[in-house]
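These protein sequence lines map, in sequence, to chains A and B. Each residue of the first sequence is one higher than the one before, starting from 2 at the first, in the numbering used here. Each residue of the second sequence is one higher than the one before, starting from 554 at the first, in the numbering used here.
Hint data in this document are derived by calculation from the structure and do not stem from the laboratory. You may find that some hints are simply not true.
Said to hold, decoys possible - Computed footprint of chain B on chain A, listed as stretches where at least three residues anywhere in the stretch have a Cβ under 8 Å from a Cβ of chain B:
{"#": "1", "region": "14-21"}
{"#": "2", "region": "51-57"}
{"#": "3", "region": "90-96"}
{"#": "4", "region": "285-298"}
Note that beta-carbon positions come from the ideal geometry of N, C-alpha and C, so glycine has one too.
Residue strings, one per chain:
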Amino acid sequence: MQPEEMKEAIYRCGKCKLCSIATYHPNEKSLPICPSGEYYRYQAFFAPGRLEVLRGVLDDEIENSEGLLKVAYACTLCGACYEKCREISSIEQNHAEIFEEMRNLLVEKGWMMDAHRDIMEKVSETGNAYAAPVSEDYGHGKREDTLYFIGCTSRYREPEIVDAMIAVLEASGEKFSILGDETCCGSVLFRTGQREAGEVQVQKNIRAIKESGAKRIVFTCPGCLMTFKKNYPDLGVELLHSTEFITQCLDRLPLKKLDMNVTYHDPCHLGRHLGIYNEPREILNRITNLHEMKRIREQSWCCGSGGGVKSAFDDFALWSAGERIREAGDVADILTSACPFCKRNLAEAADGMEIYDVVELVKLALEV
Amino acid sequence: MFENLKKIVGEQYVTDDPAICYSYSRDQHWNFVPAKSPACIVMPGTRDEIREILLFADENKIPVIPWSTGINVRSLTIPVHDNSILLDLSRLNRIIEINEEMMTATVEPGVTFGQLMEETVKCNLRPSFPDAPLTASVLANNYLRGIYQTSSADGHDHTLSFEMILPNGELIKTGSRAFSDMQHFRYGIGPDIAGMMAASPGTWGVVTELTLKLYRVYDFEQAYFVGFDSVEDAMPFIRDINRDGLVESCRLLDHHSYITGLFGTFDYDYEKLPEFVACILVAGIDGIFQAKNELVKKHISESPGKLLDIPATLSTHFREETIAGSEKSCMVFGLRGNYHCIGIYGPLTHVPKYWELHKKTASDAGIPDDHVYFYVNPIAPFYGQLCYIELDIFYDGSDAEMGKKIREYNNLQFPRLLDAEIYGWFRPYAGIIEPTLDRIGYQAELWKRFMEIADPNQIMNRGKLF
Ligand SMILES: Cc1cc2nc3c(=O)[nH]c(=O)nc-3n(C[C@H](O)[C@H](O)[C@H](O)COP(=O)(O)OP(=O)(O)OC[C@H]3O[C@@H](n4cnc5c(N)ncnc54)[C@H](O)[C@@H]3O)c2cc1C
Ligand code: SF4
Ligand code: SF4
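All chains should be modelled from the sequences, with the hints used to inform the complete structure.
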């Protein structure tokens, strides 16, 4: 993104701060949607203030400081501000992308969070963001048209999601492969402004995918999917989220209705960034009793973990998750999402609430 | 300074980090007031902390800028001097009371219109809404004496009383608050202190609590949209329905700009509307509503205007925008990416003249015709045919050349409007203060002297007025 484009966004911001609350009518509620601003409170942490700080960076009026790093990196890049701004002003300048670009500028100057540098080192040494010993457990070794790309978080932290997805793929009759030596897609690196390191991962994955001969890739992680769509060249391969895949074969799957009152949390990467809102709901409506929260879809409250926040500002990430858990508790007993990263953070703040990924519930519905 | 403030509010609530301070350095009015950062931001959580901060600042002659939600559009919180403290009051965000019986609300500075409406609607009441975002502070807007153009029937003054901490730490309470626990009457004893201190950009002290009027939300409502081909054609109709007190809301506006906010969508063929549209809402309890409604219909049929057939969703949105929480007025930004306006009070009789002057000055400043818009809102009670008139220019905020032209427009237009005669300005801010002070004689001197008594060291938003 060119500085002129960023400046255009900065100079078109009327400082109304409406991007900090969900649409008022017809809910008749003034509900916050910017986790960063709500938690840190200073103007700098809301989109209009963050845009100002970016102006300072672009005009070389701001030097590195603890505050600058916090402003730049304690934002989940959830994009709620952009969706709301676009609704009221029709201005199509994506704040999540602009704030990511701000990180690129900072990293170029060497101004970054230690936690993010640490992740970059882990990825380059071990191929995954958790520095876990490479797990080849899932490798099928076969060449199939469909490849299930697991992603670091499910593979090394939320294996139930992987098990569930494998069960669903098998139940669907779809032949699929999994890369034994799958490596990080680069998402966390791109989101934290470490573009060069991200590119290294892109090249590794391009090679692996070409070698796999896959014609389509299914992801349970919307972060990986978004990175493939946004940061990878067109590989001539169909890219699908698990919920899209399941919706396509919904009628083929022998699903029973679960006696569960659930609500659904839209992951930012899946919803706001990729526009996938309906598929998870279609699945959940089929297999559970779905009750919606007030802040959903474009105006969903972020779980708090994205954009490198979980690794660098865990207190903020958990606070955001806690807010979501409380909201979910008003309408349901079970909170579902469709992202391993959301699941992980929400589960840490769960306070008794049961948290599942949609594919886990699909697996349960297959077993009833 | 930082260490002293830290002692008062605790480390978590004060910062002198240059990046964080920078985020307070500019607002939407950047074409007129240069960016400048405060030296630190402090977020008190109690009145006692505010008092201590003021005493410290007063003793050390440090400028203090009160900031409630920072939604103002006239650079009222952008520092003029180095080393200023920005007093971010957003942590004080309690609705202290909604008194259904008395039809009043008492709020702290951080309470927003959205927050307040959420509660008042539960008892079928509402505040009067400015066209400001729902994120704006109710207290700051009322203390600044905002423009409540969404409803003409509500009138102009909604503040009943407030309490303010002065730089010397003294607490003053205005109106009936001064000597009782009742906060519901503007005039307690002697002069109207609230009136004297209102419409002031934080230059007297810090308002910590304010009581305002609430208005009924009626079950019976009807919206009308009447098209006119010229401003002149609409004048008798607007005069008559307001003189007789028939309407809850009444706005005459061009078919391009603020109407998008009132209808809540960009996705409508606005071009097909007549050049000017009067948006009218009639409301009331049953019998009164019926009678008013019949009279309004009669006035419409007798006017040269054309009753427009507007889709129900847009009409519902107009209703929401005017009496249930104005939310989309900010959509005007979307027309070109920023807006500039001069807001004035004047009589309806002068409206065609103001409109002509607006077009002429814009043309003199090199601003294209299609950037020039306007609207007029009558205000009840209609003595002096009081109206709020907004002379708008919508432009691309990132176009620096256009910024220059708009500065030129202001330079030309302020004295021209004073010459054309107006009742008053939207509020005091840089640019209008200077030409106006020249014309108000000793009143300017008196104003300054009163302020010196309240704030001898001139710490309160120093330089923002004089
Ligand atoms: C798109 C848009 C449209 C708008 N339309 C309208 C409109 O139609 N009508 C209207 O009235 N306004 C309008 N405004 C302006 C804005 O909403 C008001 O100026 C606003 O209510 C004041 O801003 P604020 O409440 O955030 O106060 P702030 O920006 O925090 O402060 C405004 C001024 O009041 C002083 N102040 C704030 N709090 C205190 C306090 N507690 N004690 C003493 N002084 C204090 C400050 O020092 C400053 O000078 C609009 C703004 C925007 C962005
Ligand atoms: S909604 Fe848009 S214009 Fe308003 S403050 Fe947010 S980013 Fe700026
Ligand atoms: S991207 Fe999300 S967290 Fe960041 S400023 Fe926008 S709404 Fe707030």
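Structure-based check of all given hints:
{"no.": "1", "hint": "14-21", "verdict": "holds (count 7)"}
{"no.": "2", "hint": "51-57", "verdict": "holds (count 5)"}
{"no.": "3", "hint": "90-96", "verdict": "holds (count 3)"}
{"no.": "4", "hint": "285-298", "verdict": "violated (count 0)"}
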